[in-house]
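S.K.: Spelled out from the first residue to the last, the chains are:
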Amino acid sequence: MAASEHTALQFTPVLSSSSLLAKVHPLVIFNICDCYVRRPDQAERVIGTLLGSVLPDGTVDIRNSYAVPHNESSDQVALDIDYHHNMLLSHQKVNPKEAIVGWYSTGLGVTGGSALIHEFYSREVPNPIHLTVDTGFRNGEGTIKAYVSVNLSLGDCQLAVQFQEIPVDFRMVEAEQVGFDILKTPMVDKIPSDLEGMEASMQRLLALIDDVHKYVDDVVEGHTASDSSIGRFISETVASLPKLLPSAFDKLVNDNLQDHLLLLYLSSITRTQLSLAEKLNTAAQIL
Amino acid sequence: MANNSGNMARSFLQVASTEEVAPSLRVVQIEGLVILKIIKHCKEFSPALVTGQLLGLDVGSVLEVTNCFPFPIREEDEEIEADGANYQLEMMRCLREVNVDNNTVGWYQSTLLGSFQTVELIETFMNYQENIRRCVCIIYDPSRSNQGVLALKALKLSDAFMELYRSNNFTGEKLRERNLSWVDIFEEIPIKVSNSALISAFMTELEADSPITQCDYDRLQLSTNPFMERNVEFLIECMDELSMEQQKFQFYYRNLSRQQAQQQAWLQKRRSENMARKAAGEDPLPEEDPSNPIFKPIPEPSRLDSFLITNQIANFCNQINGVSGQSFNRLYLMKALQDS
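Protein chains in written order, with my numbering: chain A, 42 to 328; chain B, 220 to 559.
Just so you know, the hints here were simulated from the structure itself, not pulled from any lab data.
It is possible that some hints are incorrect.
Unchecked claim - Not close to chain B: a few residues of chain A, all C-beta gaps over 12 Å, as computed:
1. Leu62
2. Val69
3. Val118
4. His125
5. Asn127
6. Glu139
7. Ala156
8. Val191
9. Val257
10. Gly272
11. Asp291
12. Val294
Unchecked claim - In silico SDA-like pairs for lysine to any residue, Cα to Cα no more than 25 Å straight-line:
13. Lys262(B) <-> Asn350(B)
14. Lys554(B) <-> Lys186(A)
15. Lys292(A) <-> Met447(B)
16. Lys262(B) <-> Ser94(A)
17. Lys372(B) <-> Glu309(B)
18. Lys134(A) <-> Leu461(B)
19. Lys320(A) <-> Trp326(B)
20. Lys292(A) <-> Tyr551(B)
21. Lys138(A) <-> Leu461(B)
22. Lys259(B) <-> Arg352(B)
23. Lys138(A) <-> Trp326(B)
24. Lys292(A) <-> Leu552(B)
25. Lys138(A) <-> Phe290(B)
26. Lys262(B) <-> Asn444(B)
27. Lys186(A) <-> Lys292(A)
28. Lys134(A) <-> Phe264(B)
29. Lys554(B) <-> Leu130(A)
30. Lys320(A) <-> Glu406(B)
31. Lys554(B) <-> Leu286(A)
32. Lys320(A) <-> Met447(B)
33. Lys138(A) <-> Gln466(B)
34. Lys554(B) <-> Lys320(A)
35. Lys320(A) <-> Gln479(B)
36. Lys262(B) <-> Phe290(A)
37. Lys554(B) <-> His301(A)
38. Lys554(B) <-> Ser94(A)
39. Lys255(A) <-> Met553(B)
40. Lys554(B) <-> Thr278(A)
C-beta: ideal position from N, C-alpha, C; glycine also.
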């Protein structure tokens, strides 16, 4: 007649997982990969702290990270806590807004040792995010997953900690986007200059326009099924080009061109003036 | 046996004593990680100017930069001096524990619209040069990156200029001797970007597959007016400063010629006095009189500032040229779109 016969396995969700989203900046991935490549020989994986902030709508913005040396054996995990605190203080001197939001480890799954480390981190932060970056490419691709821990309890005693996956989103700031192309390949010989970058963007735009053109052609000829929402979208885009009289438009463009030519002329004059002035300055002799 | 080892010891000593001629720095190899870190740091704190330290290795003619860390912004200078040094030591120690290269190879700083040529930059260079054989400064311009260009430059002081700076002598003659003009102060070194294979694999995967998100629309923006306006404003200010420097020179030359006229007049007087004395049979007075104030040499103003300003102006002009070129492209593109 003990009431304990009816205790059931309870899931106490900490946060409804639908609202929790992790946004990761590419810098974090770079950091993790770099630390993995530099790890000491006997270590299988790298563990470190994630820094960032929690946005008001609940998403966690992960902006920076650093590695923490650790020792791992079959049943024990030892983390260098002093180092972790020192690095945290140093990072916060530069950017006081960055706080601990979780921790990361390389390798695919979540192991037993991870639970211990997660517990340590949950003492620092109320709901830490655990990020795993699979550097071993075990599934044939590099998977990056984020987990939040959920307590599994049986009545009053806590049984285990379950890691629930949350979606990960990669954010890239515009300036980073510009440099992203050169970050992809192993070696780039020089940073592309302005004009080359322009050329690349224009080619991409051209490719986009070509795609749309091909799509419209296909629909007209009946090769692909027409989708009215796409059609409406295309017509909106084309209609968004401002309707101006050709003469007014020409005038606009020419005015702009003239302004820029004027600026070019000014800057060329300035440069000539500079070289003249310099000759005068150093060539003047009194005696 | 002893003789042999003596010979060997001597040859070793000979080898050790011959100065190795360091190959000149031809390229700076930066890792993608460093670039991202620099971008992030400078962007977060713009428009304030921030600095940070570069770490890496010096290999032959390539300077590899493998990691970096930012410096905290210092507000008051007094008690934070020691703090700053502590911070640096702490960071280097911690990074050493995770096997990051612990070698300082330079520093980076952010700039506003390219106005970075100041005397402080040169002083910092000289400070670094005392400790490290080869150091480089990376300049990043966050305002230009909003235009869609990765504005990253690696600079180094040219050797000739460094020697001249040490002797602290910037007179016109010295400069003419060495044929040094304002373009020779800073040398720009080409940058190569390298990435480990692991990171490339990740990035290729993370990159959005659809070309729509690949297209960087920022570069195709038509409005460059605010940027150009600020550039031209800075240009005008620099021209004002340059004209002030030139006035200083004018003043100096005028003074110099006036002093020489005075010297000539005094010399004439002395000579006529001497002739009178000779006629009277007395000793002639010396023809020079160092205690006379008109013989005091007037110091020539240093040309360092004008060189720096000239460099600055050239920089602005280059930027204007670059942006104008881009704008031309965009305008023609618009025209083509409209026509079709």
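S.K.: Minimum Cβ separation between Leu62(A) and chain B greater than 12 Å?
M.R.: Given that every Cβ of chain B is farther than 12 Å from that of Leu62(A), nearest at about 16 Å, it holds.
S.K.: Holds or violated: Lys262(B) with Ser94(A), Cα cutoff 25 Å?
M.R.: holds, 17 Å
S.K.: Quick one, are Lys320(A) and Glu406(B) close enough, alpha carbons at most 25 Å?
M.R.: holds, 21 Å
S.K.: Taken at face value, is the distance from the CA of Leu286(A) to the CA of Lys554(B) at most 25 Å?
M.R.: Since the Cα atoms of Lys554(B) and Leu286(A) sit roughly 13 Å apart, the hinted pair holds (cutoff 25 Å).
S.K.: Hey, Lys554(B) versus Lys186(A), does the alpha-carbon distance stay inside 25 Å?
M.R.: Distance of about 47 Å is beyond 25 Å: violated.
S.K.: For Lys186(A) and Lys292(A), compute the direct alpha-carbon distance and say whether it is at most 25 Å.
M.R.: Roughly 55 Å between the alpha carbons, so the hint for Lys186(A) and Lys292(A) is violated.
S.K.: Within 25 Å, alpha carbon to alpha carbon, are Lys372(B) and Glu309(B)?
M.R.: violated, 28 Å
S.K.: So if I understand the rule, the pair passes when the alpha-carbon distance is 25 Å or less; does Lys134(A) with Phe264(B) pass?
M.R.: Status holds; Cα separation ~13 Å.
S.K.: Val191(A): least C-beta distance to chain B exceeds 12 Å?
M.R.: Holds, because the least Cβ-Cβ distance between Val191(A) and chain B comes to about 27 Å, which exceeds 12 Å.
S.K.: Does Ala156(A) sit more than 12 Å from chain B, CB to CB?
M.R.: holds, 24 Å
S.K.: Are the Cα atoms of Lys554(B) and Thr278(A) separated by 25 Å or less?
M.R.: holds, 17 Å
S.K.: Just to be careful, I want the Cα atoms of Lys262(B) and Phe290(A) compared with a cutoff of 25 Å; is the pair within it?
M.R.: Distance of about 37 Å is beyond 25 Å: violated.
The earlier numbered hints that this structure contradicts are 2, 4, 5, 6, 11, 12, 13, 14, 17, 18, 19, 21, 22, 27, 29, 32, 33, 34, 36 and 38.
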